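Okay, here's what each chain looks like letter by letter:
Protein chains: 2
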Amino acid sequence: MAEPVFRRLALIGLGLIGSSIARINLDGRTLAGELVACARTPKTLARVAELGIADRVEADPARAVAGCDGVILCAPVGSFADLAAAIGPHLQPGAILSDVGSTKQSVIRDVGPHVPDGVHFIPGHPLAGTEYSGPDAGFAALFQGRWTLLTPPDGADAAAIERMAEFWRRCGAMVETMEPGHHDRVLAIVSHLPHLIAFTICGTADDLADESRSQVLKFAASGFRDFTRIAASDPVMWRDVFLNNREALLEMLARFMEDAQAMARAVRWADAAYIEDKVERGRKIRRSLIELKQA
Amino acid sequence: MAEPVFRRLALIGLGLIGSSIARINLDGRTLAGELVACARTPKTLARVAELGIADRVEADPARAVAGCDGVILCAPVGSFADLAAAIGPHLQPGAILSDVGSTKQSVIRDVGPHVPDGVHFIPGHPLAGTEYSGPDAGFAALFQGRWTLLTPPDGADAAAIERMAEFWRRCGAMVETMEPGHHDRVLAIVSHLPHLIAFTICGTADDLADESRSQVLKFAASGFRDFTRIAASDPVMWRDVFLNNREALLEMLARFMEDAQAMARAVRWADAAYIEDKVERGRKIRRSLIELKQA
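Heads up: the sequence lines are chains U and Y, in that order.
Residues in the first sequence are numbered consecutively from 1, following my numbering.
Residues in the second sequence are numbered consecutively from 1, following my numbering.
What the hints contain is simulated information worked out from the structure, not anything from laboratory work.
Careful: at least some of the hints might be erroneous.
No copy is singled out in the list; a pair is fine if it fits within one copy or between any two copies.
[Unchecked claim] Cut-off 27 Å, straight-line C-alpha distance, at most; resulting in silico cross-link-like pairs (BS3-like, lysine-lysine):
{"id": "1", "residue 1": "218", "residue 2": "43"}
{"id": "2", "residue 1": "284", "residue 2": "218"}
{"id": "3", "residue 1": "43", "residue 2": "284"}
Computed from a predicted structure; not experimentally measured.
Turn these sequences into a full structure, and let the hints guide you.
Right under this line is the structure:
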């Protein structure tokens with residue numbers, strides 16, 4: 001039996017991601033010898049205790065991280081500056097501080113200044129999720145076969161990076177390191193923009209006159225149903241993602257809007273070749289994804 | 001054993017929808033005593049013969065409909081005007097002519113003038129589909145539990161409407177009649193606009209610089225993967241849908257673009273409450289869909 005990656009690990013936030021990590025550790029303690037769960041609301045803490053997925057629950061982040069050699073922030077990224085300020089002074093020398101946030105430049109901006117000398121700050125982002133949230137939503141297979149991206153700052157300790165990589169491999173993930181700015185641009189197009197669009201079109205439909213709206217719900221064909229699946233995600237998490245990847249998201253959205261306007265023009269002027277070409281490109285991307293086994 | 005709905009039925013077009021109808025009829029001939037399959041390309045005809053899902057294959061639409069008491073157009077809607085002109089003179093008095101096109105005003109415009117007196121024209125649209133196309137893509141459960149909308153013209157024969165309703169119920173579908181213009185508006189928002197958006201965002205991603213593009217494919221998170229699933233649909237079918245529901249589609253797209261611009265503005269100016277509200281609406285719509293058992 002391999003040693004656990006961490007002797008004592010604190011998870012700050014027990015939503016979909018945090019509670020999945022906790023569930024993975026139940027089977028063989030491969031991640032942490034002792035797992036401390038810290039959540040903001042008494043309701044979440046009580047539920048985590050009830051589920052029995054952590055060794056200890058703790059309301060105070062500063063107390064949660066005491067004596068830990070690993071700390072992972074699993075809360076919405078908008079809370080990271082305050083969390084980092086609260087736990088910074090209590091982090092143990094040699095400990096690893098990581099996170100699972102969907103935006104990485106903002107995390108480095110908000111958390112970096114609070115990391116004491118001797119603590120290894122290795123930001124990370126598991127590319128996994130469902131439309132569900134909260135401690136009941138997690139499951140041990142969530143990261144299986146999915147990528148986790150690590151965005152360590154320049155000069156980060158190689159052993160600490162490898163320890164986080166090993167952590168995610170034990171969760172079932174494939175691991176790659178990436179420059180934080182590049183991460184934010186790639187995620188803007190593959191995840192953040194699609195979510196923004198899905199939320200928006202649900203609102204557009206909801207604004208239709210009452211009679212049409214009930215028809216919309218009744219006859220939602222496959223296209224719209226897929227959009228609502230995406231749009232069912234956690235509001236606070238996504239609000240924070242949008243606000244913390246503003247530049248890249250607005251750039252990708254502007255590109256998309258130009259392309260959508262061009263498509264509108266093609267529909268208006270019956271430019272059949274243009275439309276066919278665009279649809280054909282969608283198919284090609286789909287085919288590439290299948291070849292890469294991500295679909 | 002109930003009588004089949006039609007003594008002899010011609011399907012013009014054997015793609016996903018047509019070949020699914022043919023497969024349903026294999027089990028017990030509940031739809032047609034004899035099923036004639038007509039397709040434009042020799043390749044599709046040969047494949048349909050090979051699959052053995054029709055009693056007869058026929059390249060010429062006029063010959064296919066001869067002696068039929070039921071004819072259903074299952075080709076892309078852009079081909080309907082020519083098809084209707086070709087088969088009109090050969091339709092048998094008392095026969096029902098129907099279709100499965102995604103746009104209904106255009107079908108009435110293109111097919112209506114070619115329907116001889118004494119033939120019952122009952123347009124229809126099964127709200128079912130996958131991202132696959134062609135005669136191999138069909139399957140007997142495609143319509144199970146899904147809606148089929150009939151848009152009969154004013155004064156259509158009640159018995160003919162009921163016969164088409166029975167046809168679709170035997171396919172496993174729930175049936176409702178709807179005014180054609182209303183159908184086109186509802187479908188514009190639940191299906192046509194989501195598809196247009198999905199095709200567009202795939203193009204936007206594909207336009208990124210080569211290095212980013214390969215990363216996009218490699219790290220496609222769930223949001224983007226769902227979009228590519230939608231975007232993998234048949235190019236000619238969707239080209240025709242967009243061009244034949246132009247007014248409603250452009251109106252819904254304009255509404256969506258306004259809403260997306262408002263979201264962009266909220267992201268730029270960090271209007272957290274606005275963003276949260278929009279995300280929350282997406283969740284509500286999702287919840288409504290689940291209650292209506294469409295998700």
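Hints, verified against the model:
1. 218 to 43: neither (35 Å within a copy, 38 Å between copies)
2. 284 to 218: between (32 Å within a copy, 14 Å between copies)
3. 43 to 284: between (46 Å within a copy, 22 Å between copies)
Comparing the model with each numbered hint stated earlier shows that hint 1 is the single one that does not hold.
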